[in-house]
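With these hints in hand, go ahead and build the complete structure from the sequences.
Given next are the chains, with one letter for each unit.
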Amino acid sequence: MSVSTRRSDDGHVLVIQVQGRFDFSTHQAFRDAYEHCDKPMKEYVVDLTHTTYLDSSALGMLLLLRDHAGGDVASVVIENCNADVRRILSISNFEQLFSIR
Amino acid sequence: MNLLIAEDSDGDRMILATLLRRLGHQVYEASDGLEAVAIFVKLEPDIVLMDALMPRMNGMEAARKIKALAGTHFVPVIFITALAGESEHAKFLEAGGDDFLLKPFSRVILEAKINAYSRMLALHRSVMQQRDQIRRQNEQMLSDQRMARRVFDNVAHNGCLDAPNIRYHASPLSIFNGDVLFAAARPGGGTLIFLGDFTGHGLPAAIGAMPIAEVFYGMAAKGFGVVDILTEINRKLCSILPVGMFCCGVLFEVDGKQAAIRVWNGGLPDGWLVRKSGECVAIPSRHLPLGVLSADRFNASVEPLNAEPGDYIVLMTDGFPESCDVRGECLGEDAVRRALTELGSQDHPFDALMARLQAFTGRPDPADDITLCCLEVVARGALADVAESAPESSLSGPGSWHCVYEIRDRALATFNPLPLLLHICTEVPGLRLKSGEVFTLLSELYNNALEHGVLELSSEWKKNAEGFSLYYQERARRLSDTKGHFIRFTLDHESRPGAGRLKIRCEDSGKGFEVSKGNANARTNASKAYSGRGMEILKRLAREFSVCGPGNCIEIVYDWERPAQGATSQ
Amino acid sequence: MSDIPRLDEEALAELQDVMEDEFGVLIETYLADSRTRIVGLNEAFEAGDADRLRKAAHSLKGSCINIGVPRLGSLCFELETLGDIGQLEDAEPVLAAIAQEFQEVSRQLENFSQEK
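Chains as they are written, first to last, in the numbering used here: chain A, 1 to 101; chain B, 1001 to 1570; chain C, 2001 to 2116.
Worth flagging that the hints you see were computed from the coordinates, not collected in a lab. Incorrect hints may have been included.
Said to hold, decoys possible - Derived lysine-lysine pairs resembling DSS-like cross-links, with alpha carbons at most 25 Å apart: (1) K2055/C x K1065/B; (2) K1103/B x K2055/C; (3) K1091/B x K2055/C.
Structure (structure tokens):
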């Protein structure tokens, strides 16, 4: 399963991890990860430690997550990117919309 | 189902036929192989039960013939046999048999096998139907795409991509990869180019392209500036694209007069300014792609760069650096940078990049999703004037009118009145054919009034690279405080049969320029002072040109005449 | 030989069930077909054609088993084997036994079909 989730101990942060290629085929699994929460989260963390590749449809999915999380008031963090993934996020200037660490 | 039994023993044949009819099937009977093949051809049964040993043509041969006749249709052939060994069974399979049935017939087994093959047939037929349906839908989709492409062509019209100083590669079907490339000549000279990469593929990616083409070409023709066009494109994409879809793009303008370049890059790989000297300046993405940020958060600030004739601008979508070789490795942005920095003085960047790509991928023809554009900065006048192509309207328009338009204070910083003023003038059908010249006059007057009159900037600064950025920094700074200033246009038009006269007077709140002690010399000094500011153009296009007051007021008279039938307009 | 029954009552009963009122026709068909085949057996023997004998015996065996006369079927199997190994010299007594068995079978089958 390429998308997995876990919650923080206090239950307010949802961590979504994406393995391998983050592309169009991940679409449904990624949406399911955050849409089926029983209560709203304070923060979403997208863990890309094991993500090898990101394409424009993945960027679109991140935008959808941000929209779901409240748009301009959302707190969405993207973490543990490798150099290639970091570069793609940087070209699109996504650090203007997401915390990237 | 329709079943064919080939069995030479009359009694056995009768038993089997009855059993099968009792199961509800239609049964055809043959007593030897030859008859079996004949019935197969004529009646096309669904399943064949074949006795292995028969006179005239035996079962194996009949089975082979029947399978050959069936072709791609699946017709199960079940051999009927009494106690044969494994070697016999192997022969059945070689002859194309699918199964065998032992004598004496067991009703239960017979029914089970017939049912199983019946299900298999239904499945096979359903798969064939779906395959055919998919094939048809695919052809339909390709046909729809071809249609959409033609609609798009009508909307997007290549603009001025075929100008001699532009070289580009874009696949004819690139719209379905999400790539678009638009180029428009500005009224008054200069070129505006938009390179876009929409997310997704196929028709959804193409959907966004068409309204954007309308916005781009429409606004460019009316003289709108880069900031206004970007803001409008972003607004439009936000409203039509769902969340998660966006367009990475570069919008850049080469000013016809000053060879100044203004660029906005949101999400595309680095563009490049390749100077004649060999220096390469990267133009990185500094903004989020279009269609992501709402209007109030969208940042349309452009980066000004100075450029000279002989410099090149290189733009590409990510298909270029992401092209792969046979091992699946990507060309990469570093390779692009190296190819550009290693250019010889006679090399054209477009040729160099395409050659590098071909060498890397090993493919003589570039793949479908490469979009690359190179524009050479040329001296003004090096290009033939763009022929006016505005269609004649059947409306007659106003012949005699007078208009005063003044913008003041903060509006000077935020609003560009040129498209509006051009629109007013081109309500006169005869002036519509001259919109290029009219726009040039208006924009020369306005830019001088704004930059030299109100903001008191000197174009001396723009002579070198540092001065250039200093100029634009100062411009931005001074624009933030324009309280108390104004620019006023007074337009007058009188028409006569087949001709007309347009008077434009432009006043600004600036101090003018140094007035010499004696009034008598004021006019001459004013003319001299202005001559270094590109007033050449005004003098060339206008019939009369005069300076009034201390120099913060200029009036020109522009005469126009409808061209004789058959003559091309200038 | 005597332990193989002449008539397979069970098989016959089942055939009656399947064929219903066509059972009589089936019996007639079988008997007519078998008469022809037995003639064919003798012809093959007289021609000394082992292969033809083998095939003909095999076919008749099959229809005997299907109809429910196993003893006759077994005799046919014997003849088939002789044809297969090419030992035609031993075929004559088997042919005679087949002819005799068939006469008995005919009579009993006709009775059977008339009774029901």
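Consistency of the hints with the structure:
At most 25 Å may separate the alpha-carbon atoms for a hinted pair to count; K2055/C and K1065/B meet this at roughly 23 Å. Taking the CA atoms of K1103/B and K2055/C, the gap is about 15 Å. The hint holds against a cut of 25 Å. Of the supplied pair hints, the one linking K1091/B and K2055/C holds, its CA atoms being roughly 17 Å apart against a limit of 25 Å.
Taken one by one, the earlier hints all hold for this structure without exception.
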